[in-house]
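Visitor: As you go down the protein sequences, you meet chains F and Y in turn.
Under the working numbering, the first residue of the first sequence carries the number 1, and numbering increases by one thereafter.
Under the working numbering, the first residue of the second sequence carries the number 1, and numbering increases by one thereafter.
Just so you know, these hints were derived from the structure itself, not from any lab.
Careful: at least some of the hints might be erroneous.
[Stated by the list, open to error] Which chain F residues face chain Y? A few, computed with CB under 7 Å, are given here:
| id | residue |
| --- | --- |
| 1 | F180 |
| 2 | A195 |
| 3 | G197 |
Glycine included, C-beta positions come from ideal geometry on N, C-alpha and C.
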Amino acid sequence: MSSLAGAAAAVAAPSVYSGGSSVIALGVLLAEFGMFRQALLRDQVRLYAVQSGLISVLAILVAAVRHLPDLYVLAALSGALKVVIVPIVLRRLLRGIGRAGEDDPARGWTEIAGSGSLGLASTVLLAIAVAAFGFFAVSALHIRSAVLPPAALEISVSVALVAFILMIMRRDVASQAIGFLSLENGISLAALVVAAGLPLILEVAFLFDLLVAVVVLELLIRVHHGRAESLSTADLTSLRG
Amino acid sequence: MEAVVLLLLILPFTAALVSLRAPAAAAEAVTAIAGVTCFGLVLALVPEAAHHDLGYLSYLRIDAVSVVFLLATSFLYAAVAVYSIGYLAPSRRRGEAGFSRYSRQFYAGLNLFAWTMLAAPMMSNLALLWIAIEVTTVVSALLVAIENTDGAAEAAWKYILIASAGLGLALLATIFAYYAGAQVLGEHYDLSFAPLLQSGARLPHTPVRLAFVLAVVGFGTKMGLFPVHTWLPDAHSEAPTPVSALLSGSLLAVSFYAILRYYQVAAAALGPRFPRDVLLVFGIASLLLAALYLLDQRDVKRMLAYSSVEHMGILAIGVSFGAPIALAGVFLHVLAHAAAKGNAFMGAGVLVHKFGSKRISGISGGLDLLPWSGPLFGIAILALAAMPPFGIFRSEFEIVEGGFGASSNVAAAILIVLVTLAFFGLSVAASRMLVTPRRAGLAPGSAAALVRGEPSAWMVVPVVAGVAVLLVLGVHPPAELTGLLTRAVHQLGVGA
Chain F
1 MSSLAGAAAA
11 VAAPSVYSGG
21 SSVIALGVLL
31 AEFGMFRQAL
41 LRDQVRLYAV
51 QSGLISVLAI
61 LVAAVRHLPD
71 LYVLAALSGA
81 LKVVIVPIVL
91 RRLLRGIGRA
101 GEDDPARGWT
111 EIAGSGSLGL
121 ASTVLLAIAV
131 AAFGFFAVSA
141 LHIRSAVLPP
151 AALEISVSVA
161 LVAFILMIMR
171 RDVASQAIGF
181 LSLENGISLA
191 ALVVAAGLPL
201 ILEVAFLFDL
211 LVAVVVLELL
221 IRVHHGRAES
231 LSTADLTSLR
241 G
Chain Y
1 MEAVVLLLLI
11 LPFTAALVSL
21 RAPAAAAEAV
31 TAIAGVTCFG
41 LVLALVPEAA
51 HHDLGYLSYL
61 RIDAVSVVFL
71 LATSFLYAAV
81 AVYSIGYLAP
91 SRRRGEAGFS
101 RYSRQFYAGL
111 NLFAWTMLAA
121 PMMSNLALLW
131 IAIEVTTVVS
141 ALLVAIENTD
151 GAAEAAWKYI
161 LIASAGLGLA
171 LLATIFAYYA
181 GAQVLGEHYD
191 LSFAPLLQSG
201 ARLPHTPVRL
211 AFVLAVVGFG
221 TKMGLFPVHT
231 WLPDAHSEAP
241 TPVSALLSGS
251 LLAVSFYAIL
261 RYYQVAAAAL
271 GPRFPRDVLL
281 VFGIASLLLA
291 ALYLLDQRDV
301 KRMLAYSSVE
311 HMGILAIGVS
321 FGAPIALAGV
331 FLHVLAHAAA
341 KGNAFMGAGV
351 LVHKFGSKRI
361 SGISGGLDLL
371 PWSGPLFGIA
381 ILALAAMPPF
391 GIFRSEFEIV
401 EGGFGASSNV
411 AAAILIVLVT
421 LAFFGLSVAA
431 SRMLVTPRRA
441 GLAPGSAAAL
451 VRGEPSAWMV
461 VPVVAGVAVL
471 LVLGVHPPAE
481 LTGLLTRAVH
491 QLGVGA
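Just chain F, with the same shape it has in the complex (with noise of 0.2 Å):
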């Protein structure tokens, strides 16, 4: 009779809340593939932009439902830093160098730079290979949470897991950085559903250290750029052995 209990329980269909905070969960795996296709690093900050605001989404969403009030402080501190201030910073970075590099179109200084070893396709076929890898690897883990559904959870290690294939493959300083920021950002998917919990002073601060860092970043980019006239890392080989 159990076993009949729990069989019905493995294929009825999910709660409303359950199935929503997945397909928002996909949406920022989604989002962090899209970044591989975005030609223009415009668009990837954009795109980064829509990740962390599905991120905020979902926040607000476990806020409501699991009556966690701390997480609508998280989710309108995170999406101000994230959707916002970072986006504004990183757009500010863009313009500058585009402007200094006017004289010489050719540069292609907002393009961004792919791996000179794997073209875009097989990039793609192997984030998805690692995506799955990810996803299976860490539901064997039985990894149980009261907030959120599993599949959240896997869903977070397969967009951080993509993120290292992202900043691996690019070879400009900026792509690899928005890379990192993803990287974050699958994180903090990850924490929602594992770390809801967690006191708000700590998130506060995990936010705050990430704009010491994104401030960090913006200005060795600038320094990159200053020495390097461009913004590929396909100069920076004269350190090896």
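Given the coordinates of chain F, assemble chain Y onto it according to the supplied hints.
Guide: Showing chain Y alone in chain F's frame:
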């Protein structure tokens, strides 16, 4: 004691603020005073921490393990603060354009860097520990970039990207540690370390296992464990020498400290077998890589950087042996490595300054030309290669003894072989730089024109202090220190 702890947190930060505004001479004086005072303050903590834990404001918790790492960091902070006076003196004398800006940035960064590394081991909370370590990355990446050369820009970019990605994994580890803790301690658990450790055996196994492995890979990125060490030689070789010394002696150690905290939790929850095996694999791989790379290095600072990878591997292996004597060796090794590697970098800085080249082939006859720094650099290399009577000899001896005692005979034998290999690499390169007589005409205009003499006394005094520390650690560690190390070994949970 409360005042001591608060001063340790306030002083370097204040020094950083002062350095940002004050003229260069004031900044260097303030930095040197802050560095030496911090070392004194940590020394004052030693007897206290050897007997009981200190905790303040619910966010600060200092036990014997923390104080070991505070000692290493504060000693190097004091040493490089004094060394920097001599290091920057030539640019100031030449009145280089932009010097005052450079020195402001340099001193503010140095103090901030030391501040974050002193703060990290005091945190009572795994989340705050992660934040402190992430801030060390951000500050030190700026310090790596400060020379504003192509090499420095490349090294800084690789460093911040690789280290931040690694710390991303460490953040996942933190989150899983919270998940594990919340299963036992309730939703309002705040990632404090002490309750997590106390609830040890009741923690769910899978998340703890996951958290530990993620922490080893994540914090291991900053500690320089193979295969995520790749930023390390670049950053160490391109940073200004005082920063290289801090990176190697303190920053790597502070990341190791974070791994030790996760080790404690993992050992309490899963038993020591699993975490020790993980550390053994990473330790042996790092040691092997470093020993091989040390055999053929052309750049003196890169050579010292690979030597850091070697010593971090030794630390990981030492913990994996688990015997009390090996753990005592590990803590002693943290201190002795900080002193020896600080000395080696500071000595190498003088050589680089004198010969105007980081390439080992561009440096020769160091013993003749540098009456103090030449022999001192030689001593530092011998100390790094674990020759008696210096501290690293004692600590590696204890680690190996612990390995054989814990019947990890194969690992201990591998350790000995690889350390010997590293010794060859280091000593061949060092003797080439120090003993080989200068050949006139080899490097026209540079080597031939050099005269015997030290560039600055400020660059010698901290190295002499480092040799004194190495001798004390190697010949007869004071009773207070032995007490501290014994308590730290006990806290690391022998056989727990």
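Visitor: Does each hint hold? Answer for all of them.
Guide: Evaluation of the provided hints:
no.: 1; hint: F180; result: holds (5 Å)
no.: 2; hint: A195; result: holds (5 Å)
no.: 3; hint: G197; result: holds (4 Å)
In terms of the numbered hints stated before, the structure departs from none.
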